[in-house]
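Visitor: What follows is each chain in one-letter form.
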Amino acid sequence: MSKANRPLANKSANKSAVKPAVRPKLGREGFFGRFGYFFGRALANLRQNVFVSVVTVGTISLALLIAALFLLVYVNLEGMAEGWSDKVQVTVYFDKEPVPLAVAALKGRIKAIPGTSKVTFVGQQEAEQRLRGRLKGQEVLLEGITPEVLPASFEISLDRSHRDNTSIAFYVAALRKIQGITEVQYGEEWVKRFNSFMNLFRLIGALLGSFLAVTVLFIVSNTIKLTIYARKDELELLGLVGATRFFIKAPFLIEGVLQGALGGGVALVALLGCYYAFLKNAASFLGVNPAAAGLTFLPVAYLAGVLLGGILLGFIGSVTSLKRFIHV
Amino acid sequence: MIELHNVSMSYQPDAPALHDITLKIDKGDFVFLTGQSGAGKSTLLKLLYADLMPTRGQVLIDGVNLTRIKRSQIPYLRRSMGVVFQDYKLLPNRTVLENVAITLEVLGWGKRDIGKKVFHILKQMGLEDKINSTPLRLSGGEQQRVALARALVNDPKFLFADEPTGNLDEANKEQILAIFRDANVRGTTVVVATHDRRVIEKSHRRVIRLDKGSLLEVADVQS
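Those protein sequence lines, which keep their order, are chains A and B.
Counting from 1, one number per residue, gives the positions in the first sequence under the working numbering.
Counting from 1, one number per residue, gives the positions in the second sequence under the working numbering.
No lab work stands behind these hints: they were computed from the structure.
Possibly wrong hints are sitting among the right ones.
No farther apart than 30 Å at their CA atoms in a straight line, the calculated lysine-lysine pairs in the DSSO-like style are these [what the hints assert, rightly or not]: (1) A:K323 / A:K232; (2) A:K225 / B:K46; (3) A:K232 / B:K157; (4) B:K173 / B:K212; (5) A:K192 / A:K111; (6) B:K111 / B:K89; (7) A:K192 / A:K87; (8) A:K136 / A:K118; (9) A:K225 / B:K89; (10) B:K46 / A:K232; (11) B:K27 / B:K212; (12) A:K232 / B:K70; (13) B:K46 / A:K323; (14) B:K202 / B:K46; (15) B:K89 / A:K232; (16) A:K323 / B:K70; (17) A:K232 / B:K117; (18) A:K323 / B:K89; (19) A:K136 / A:K96; (20) A:K118 / A:K96; (21) A:K225 / B:K70; (22) A:K107 / A:K96; (23) B:K173 / B:K46; (24) B:K212 / B:K89; (25) A:K111 / A:K177; (26) B:K116 / B:K157; (27) A:K107 / A:K87; (28) A:K87 / A:K136; (29) B:K111 / A:K232; (30) B:K27 / B:K202; (31) B:K157 / B:K70.
Listing some non-contacts, in silico: residues in chain A with all C-beta distances to chain B over 12 Å [stated by the list, open to error]: (32) L101; (33) V119; (34) V140; (35) G144; (36) L150; (37) A213; (38) L253.
Every residue, glycine too, gets a C-beta built ideally from N, C-alpha and C.
Starting from the given sequences, assemble the full structure and let the hints guide the process.
Guide: Okay, structure coming up:
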């Protein structure tokens, strides 16, 4: 090392010389005192940069509104599709109608199988009545048909969690193990097609949702980056008058969280407005009665998610943008 | 005390902004840093308040070697300095009071103490009636005095000023120099970078002359 580059003061000397300059007079010690200052500063910043704040909150609101609308449509479509799965039914047929005591015993054993939702016994008489009901006006077709011709059966509805291909296969296998049950039908092809459709629907939903999330993240983080860029002089000055990284960052982060929360709140109010506007007007321009279609608003957990998403967007957007502009 | 030992600084390879500068400024001194545009005055000042690090050599402020301290220590070091920037660096959307208060907020002062101290310094600068104005409503001389108030409000050990009289008329120049003298009398070490010969001649202070990044001469107090 050349003489010129040799350190001229050792580390301990450096420390002892720097430390006396550390905050010669303290008016605000402790977490709450400092948090109070940072919070106040963040509010003052919002006031002093109204235009920039409105642009940021507006962007976050719009981005979250688009995401929330997508969620609302997705949740309702999925609910509708899930409703179709109520048609998934397993039927057990008997060659000879079992005696009432045997019916009760079998019903008990079927109900004991996990995934069973509802078990209904359909005797030969009832089966015949149902057939007559269905062929009303074409009674000629029923000539010669007596209740004995039709088999007695159990109609079994399954829990939602047991309506996929594998679960149904397991369920049917368990049914077949019960003594006295030989013939089981459950519309295997329809179930397979329905489940394939649901998987495709969820995959498309997840893909679209992911693209939307990335887009929202990109737009919001860039907006925040631009707003912080607009205040880079302030960041630079704070560093030059002796502010630490934390001191510079804290009000900006609180500002980001406040803007995110506000953006999330505005998005939810706008979503509620869109929802009720749709309920009120859908009948006239779509010819659909939304009430009858069973449309629902987003569950509370999703609403909390949108609000939290706004807060996170504001916070993460600020953290990543500040990194670029603070050089202390 | 400020010491520079064989300091060189380059923004680009083969184009040194400062070349092998060695000098010493004693505690309580008042010196002018002069030279033509591009001589390296601003670069040298930036080295003193650790906005830049030398590519070679050592810079010591009160025995603290700036090339050796941790980045996280720099803010604490800067709290003992006041800097007047060439472009003032006033925040346009904050009032005069808020602009000056920044220095004390960083130090953790309470709101009431800040109010008193800022009012006191603005009164010294003759700006007490502009306390709630924003910088854009002030004249050049007033803006310069606000920047000075911000630099001096915490009674710094060191005051660095970059072309503080650049765009001012004679009356304003004299007023600014008087403020520097007062600060120096109170014990602040003052380093003023300027290419204004008349200001230097009037002030009768030590002059450090730079030329194309090299130290040309250190002239003692001029009478």
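Visitor: Does each hint fit the structure? Answer for all of them.
Guide: Results for each hint:
1. A:K323 / A:K232: Distance ~12 Å between K323 of chain A and K232 of chain A Cα, so the pair holds.
2. A:K225 / B:K46: 27 Å, holds
3. A:K232 / B:K157: Measuring from Cα to Cα gives roughly 27 Å; hence the hint holds.
4. B:K173 / B:K212: 26 Å, holds
5. A:K192 / A:K111: Roughly 24 Å between the alpha carbons, so the hint for K192 of chain A and K111 of chain A holds.
6. B:K111 / B:K89: 23 Å, holds
7. A:K192 / A:K87: 13 Å, holds
8. A:K136 / A:K118: 28 Å, holds
9. A:K225 / B:K89: It holds: about 21 Å lies between the C-alpha atoms, which stays within 30 Å.
10. B:K46 / A:K232: 18 Å, holds
11. B:K27 / B:K212: 27 Å, holds
12. A:K232 / B:K70: Holds, at roughly 23 Å.
13. B:K46 / A:K323: 22 Å, holds
14. B:K202 / B:K46: 26 Å, holds
15. B:K89 / A:K232: 11 Å, holds
16. A:K323 / B:K70: Answer holds: K323 of chain A to K70 of chain B is near 18 Å, not above 30 Å.
17. A:K232 / B:K117: 27 Å, holds
18. A:K323 / B:K89: 21 Å, holds
19. A:K136 / A:K96: 26 Å, holds
20. A:K118 / A:K96: Judged against 30 Å, a Cα distance of about 22 Å means the pair holds.
21. A:K225 / B:K70: 28 Å, holds
22. A:K107 / A:K96: Holds: K107 of chain A and K96 of chain A sit about 16 Å apart, inside 30 Å.
23. B:K173 / B:K46: 23 Å, holds
24. B:K212 / B:K89: Holds - the C-alpha atoms of K89 of chain B and K212 of chain B are around 26 Å apart, at most 30 Å.
25. A:K111 / A:K177: 14 Å, holds
26. B:K116 / B:K157: With Cα atoms ~21 Å apart, K116 of chain B and K157 of chain B stay inside 30 Å; holds.
27. A:K107 / A:K87: 20 Å, holds
28. A:K87 / A:K136: Between K87 of chain A and K136 of chain A the Cα gap is close to 23 Å, so the pair holds against 30 Å.
29. B:K111 / A:K232: 25 Å, holds
30. B:K27 / B:K202: The given pair, whose Cα atoms are some 22 Å apart, holds under the 30 Å limit.
31. B:K157 / B:K70: Answer holds: K157 of chain B to K70 of chain B is near 21 Å, not above 30 Å.
32. L101: Nearest chain B Cβ is 84 Å from L101 of chain A, so the label holds.
33. V119: At about 71 Å from chain B, V119 of chain A clears the 12 Å cut-off, so the statement holds.
34. V140: 90 Å, holds
35. G144: Its Cβ never comes within 12 Å of chain B, the nearest being 94 Å, so this holds.
36. L150: Non-interface label on L150 of chain A holds, nearest chain B Cβ at 85 Å vs cutoff 12 Å.
37. A213: 34 Å, holds
38. L253: Non-interface label stands for L253 of chain A: nearest chain B Cβ at 17 Å, farther than 12 Å.
The structure is consistent with each of the numbered hints, conforming to all of them.
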